[in-house]
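A.B. asks: Sequence:
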Amino acid sequence: MNPPVEIWNRRYNAAILSPGNARAKEADPWLARWLEDASGAFPGAGAPPLRALDLGCGAGRDTAYLLARGYAVTALDFSAGAIALSSRRNPAARHLLADLRDLDRHLPAGAPDNDDWHLVVASLSLHYFTREETLAIFAAIHARLRPGGLFAFRVNAFDERGAPPDPTSWAPVTSVEDGVPRQYFTEDKILTALAGRYSIISLRKLAIIRHGSEKSLYEVIVLKPEETTS
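If you read the sequence shown in our numbering, its first letter stands for residue 1, the second for the next number, and so on.
Hints were generated in silico from the structure; no laboratory data involved.
Take the hints with a grain of salt, since some may be wrong.
If you anchor each label on the Cβ, the simulated ranges turn out as follows [what the hints assert, rightly or not]:
1) Asp104 <-> Asp159: 26 to 36 Å
2) Asp159 <-> Ser87: 28 to 38 Å
3) Gly179 <-> Ala80: 13 to 23 Å
4) Pro112 <-> Ala207: 36 to 46 Å
5) Arg161 <-> Gly110: 35 to 45 Å
6) Pro164 <-> Ile209: 19 to 29 Å
7) Pro112 <-> Glu214: 27 to 37 Å
8) Ala80 <-> Pro181: 27 to 37 Å
9) Glu226 <-> Thr192: 22 to 32 Å
10) Thr130 <-> Arg197: 15 to 25 Å
11) Pro91 <-> Asp166: 41 to 51 Å
12) Pro165 <-> Thr192: 31 to 41 Å
13) Asp104 <-> Pro181: 17 to 27 Å
Just so it is clear, CB atoms sit at the ideal spot from N, CA and C, and this is done for glycine as well.
Kindly produce the complete structure, drawing on both the sequences and the hints.
C.D. replies: Pasting the structure below:
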């Protein structure tokens, strides 16, 4: 087990033992906020149940929101503590203990229930990887999203606390506070990861309050175009 997994397991196990812990209970309305930007493209407008994939589900806040909207949700995280916490909160969801770098093994493309997603969500779970790993993860997400489906994600911004002096660097920086390596994004790095595969609905830089502190991030919603025939 690598140290970041141990760190996250300790955090989520503490949340399980302390039900009042902010990590378990703190509300985060980001998915509701971007519905306005989607301008009717949000897949919840279709006939339920639509299929959603929550990558890096953590405590299961986004999974709970999607279940409440009628989605059939698969929630994935590499922390056993996170999976235990989200499973307790969201028994109706399918949960998988898996690393985002290994989607081909845990969600093999073409297998039943593993692709053709209407919506893929990744809230603050995509900024822990090298450039090569990041590009591979984004490609794997695109391969599993159905044409016309949405990909909604949030990542650290280049001016977030702990970011390196060079905003163009793809090298993860290990935090002195918690020992977790993190990536920090610019708009150009996000566009590189998206690789021209999507129509951009919203790409905006925001400052939010998270766990009692200000956080700088990018919030992105993109649409996988429908396939066209010539």
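A.B. asks: Now tell me if each hint is right for this structure.
C.D. replies: We went through each hint and held it up to the structure:
1. Asp104 <-> Asp159: 26 to 36 Å: Hint holds: Cβ distance 34 Å, inside 26 to 36 Å.
2. Asp159 <-> Ser87: 28 to 38 Å: Between Asp159 and Ser87, where Cβ atoms are some 36 Å apart, the hint holds.
3. Gly179 <-> Ala80: 13 to 23 Å: holds, 18 Å
4. Pro112 <-> Ala207: 36 to 46 Å: holds, 42 Å
5. Arg161 <-> Gly110: 35 to 45 Å: holds, 41 Å
6. Pro164 <-> Ile209: 19 to 29 Å: Between Pro164 and Ile209, where Cβ atoms are some 24 Å apart, the hint holds.
7. Pro112 <-> Glu214: 27 to 37 Å: violated, 43 Å
8. Ala80 <-> Pro181: 27 to 37 Å: violated, 20 Å
9. Glu226 <-> Thr192: 22 to 32 Å: holds, 24 Å
10. Thr130 <-> Arg197: 15 to 25 Å: holds, 20 Å
11. Pro91 <-> Asp166: 41 to 51 Å: holds, 45 Å
12. Pro165 <-> Thr192: 31 to 41 Å: Violated - the Cβ-Cβ distance for Pro165 and Thr192, about 20 Å, lies outside 31 to 41 Å.
13. Asp104 <-> Pro181: 17 to 27 Å: Holds - the Cβ-Cβ distance for Asp104 and Pro181, about 22 Å, lies within 17 to 27 Å.
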